[in-house]
Amino acid sequence: MHELSVSSAVLDTVLKHAAGRRVTVVSLRIGHLRQVVPDSLAFYFELVARESLCEGARLEQEYIPAVLRCEACDREWDPEDAWFACTGCGGAGDVIAGNELEVESIEVEEAACTA
Amino acid sequence: MHRVKVRVVEDALDANNTIARANRDDFDRHDVTVVNLMSAPGAGKTTLLERVLGGLGDVRAGVLEGDVQGSYDADRLASLHVPVTQLNTDNGFGGECHLDANMVRSALPALPLGEIDLLVIENVGNLVCPAEFHVGEDARIMVSSVTEGEDKPLKYPLMFRTCELVLVNKIDLLPHLEFDMERFLHHLEAVHPGVPRMLVSARTGEGIDAFRDWLLELPARREVPA
Numbered sequence: 001m002h003e004l005s006v007s008s009a010v011l012d013t014v015l016k017h018a019a020g021r022r023v024t025v026v027s028l029r030i031g032h033l034r035q036v037v038p039d040s041l042a043f044y045f046e047l048v049a050r051e052s053l054c055e056g057a058r059l060e061q062e063y064i065p066a067v068l069r070c071e072a073c074d075r076e077w078d079p080e081d082a083w084f085a086c087t088g089c090g091g092a093g094d095v096i097a098g099n100e101l102e103v104e105s106i107e108v109e110e111a112a113c114t115a
Numbered sequence: 001m002h003r004v005k006v007r008v009v010e011d012a013l014d015a016n017n018t019i020a021r022a023n024r025d026d027f028d029r030h031d032v033t034v035v036n037l038m039s040a041p042g043a044g045k046t047t048l049l050e051r052v053l054g055g056l057g058d059v060r061a062g063v064l065e066g067d068v069q070g071s072y073d074a075d076r077l078a079s080l081h082v083p084v085t086q087l088n089t090d091n092g093f094g095g096e097c098h099l100d101a102n103m104v105r106s107a108l109p110a111l112p113l114g115e116i117d118l119l120v121i122e123n124v125g126n127l128v129c130p131a132e133f134h135v136g137e138d139a140r141i142m143v144s145s146v147t148e149g150e151d152k153p154l155k156y157p158l159m160f161r162t163c164e165l166v167l168v169n170k171i172d173l174l175p176h177l178e179f180d181m182e183r184f185l186h187h188l189e190a191v192h193p194g195v196p197r198m199l200v201s202a203r204t205g206e207g208i209d210a211f212r213d214w215l216l217e218l219p220a221r222r223e224v225p226a
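Keeping their order, the protein sequence lines are chains A and B. Going left to right, the first sequence walks through residues 1 to 115 as this note's numbering numbers them. Going left to right, the second sequence walks through residues 1 to 226 as this note's numbering numbers them.
For the record, the hints were derived by calculation from the structure and aren't laboratory data. Computed from a predicted model, the values in this text were never measured in an experiment.
20 Å max Cα-Cα, derived EDC-like pairs, lysine to aspartate or glutamate:
no.	chain 1	residue 1	chain 2	residue 2
1	B	K155	B	E182
2	B	K5	A	E107
3	B	K5	A	E62
4	A	K16	B	D14
5	A	K16	A	E55
6	B	K5	A	E110
7	B	K5	A	E104
8	B	K155	A	D78
9	A	K16	A	E60
10	B	K155	B	D180
11	A	K16	B	D11
12	B	K5	A	E109
13	A	K16	A	E107
14	A	K16	B	E10
15	A	K16	A	E110
16	B	K5	A	E55
17	A	K16	A	E46
18	A	K16	A	E109
19	B	K155	A	E100
20	A	K16	A	E104
21	A	K16	A	E51
22	B	K155	A	E80
23	B	K5	A	D12
24	B	K155	B	E189
25	B	K5	A	E60
26	B	K155	B	E178
Given only the sequences and the hints, what does the whole structure look like? Please build it.
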């Protein structure tokens, strides 16, 4: 059900940028920390896109691995099992990648220029 | 027809966050401090409110009660004599499992903002979606009860990372459970180092005074620029 909320937010963003044009491809960048299941998101997106300009659009999902950086020692690491404390010194980690939930681009149909 | 690629690069939650900021401006204009109270279903949010809202002294509190349907929780809180506004997500919002900024915005006209100092928004019980949607709050409190097990911070890191206070509720049940508090706090520290945490029992009242003090001090903390 998390993916349903996310797909609705994605659809709103896409329709805003489509500005009335039919959408054929939606490209997303989704960080590991958003805990989005790709198949589930594709399923719900197809559902919420019905009867909109996004109906039938292909959803491309680029997965962004999580990277944390220690505030104290600058060490970077992958938070396997969501361990946010620095693996070196135990300091607090800043998320520098993995929080993305971004519509990167869309492909839309435009009438051919007749001029 | 030909196809054109349009660069967007926009966070899918930007639209929600924009409305959340508008809510926040309205709350600020009325000098109302807003708390977003989140937890899994049955963690004890409403019982905690029953415990804490009665003793706030001069601070006038109000509650925005989010539920998929029904007004059971709002009816429970009515005896506290604080204004309670019901917001049902099955009423025009598709039965959403969380509150978002737009739903809260729709409830603003029904909230007596001029008559309260503190608004508690009791979110829909859910450990996943509410964490994604800011509603214009000053602070997020999440309630995790000991009956849920000590692994929850690791399973729902986004929720445990986006809050300013964690209440560990139902500690009166500890003698009957195999819940390992040290392990839970270790997991919490791993996903959100240093987050304030309080061990409470809404049933017996243990630890509630500290929670009440935290709420009462919130308006002063809020005025410090982040």
